[in-house]
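Put together the whole structure using the sequences plus the hints.
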Amino acid sequence: MPKKLSKPSASVSTIGTTTSSSTADPSLPSFLTDGLPIPSLFVFDLDYTLWPFWVDTHVTPPIKPTPPTSTPYTTSATDRTGDTFTFYSDVPSIIHTLSSTPKVRIAVASRTHAPELARDMLKLLYVGPPPGSQQQGGGEGGEGRKRDKGSSSNKPKRALDLFDGGLEIYPSSKIRHMEALAKRNGVRYEEILFLDDESRNRDTESLGVTMWLVPDGVTWREVEDGVREWRARRGMR
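Read in order, the letters of the sequence shown are residues 1 to 237 in the UniProt record's numbering.
Rather than coming from a laboratory, the hints here were simulated on the basis of the structure. If a hint is listed, it holds; no wrong ones were tucked in.
Think about it this way: if two alpha-carbon atoms lie no more than 16 angstroms apart in a straight line, the pair counts; the simulated EDC-like pairs of lysine to aspartate or glutamate are: (1) K64 <-> D79; (2) K183 <-> D164; (3) K64 <-> D83; (4) K123 <-> D164; (5) K157 <-> D120; (6) K103 <-> D164; (7) K64 <-> D120; (8) K123 <-> D79; (9) K123 <-> D161; (10) K64 <-> E116.
Pair by pair, the computed Cβ-Cβ distance ranges are: (11) T69 <-> G35: 39 to 45 angstroms; (12) P156 <-> P215: 26 to 32 angstroms; (13) R184 <-> T57: 27 to 33 angstroms; (14) T69 <-> D216: 21 to 27 angstroms.
Since the structure is predicted, the reported quantities are computational estimates derived from the model, not experimental observations. All C-beta atoms in this analysis are idealised placements derived from N, C-alpha and C, irrespective of residue type, glycine included.
Structural data, given as structure tokens:
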């Protein structure tokens, strides 16, 4: 796998959606169960944010699913040269959990020069429920899951299908991506948390977006820290 090259106080707001603190699921991160507001839209970059490679540089098409070994579904893809590609380790759990959370959507904003290849990668990488979550969904214990999905949320899905907030994958500025995503989802910029590995994309904050820098890929810790920053900017501690 190619290694990454080096790169350069207010009143509490009601913006966002509120988590439930009743019958809290211990397998969920605390920000999803503490009863405080969270962003309505989580937006993720792709390269070196969701996966540890540049899809337009390190991947040689065509790509195909890698035969699974530890799961009954495909979690990696192999390119023409035989190199294998997959998500950072926490990413499947993160996107599955957030996509199953009521009133929360997740989206992608990437300026890659290989948009079709990026989409193909998202089609080949499947995401299953996190360990211990298979029985969740109905009744009070399923409060942290989207009720309209029911048991279907526990079935492995293409990563592409989990991004219900939309995919903005094309060479452009991240500001343009945010504008399109905010419009598509009917949310204010202040309701968006954007996770990206490049500091230059802090220019999205001129819109009102909260951008959280993830220099070594997305982890649950980075998502929690991003939510904490999003809340702090709204007077929540």
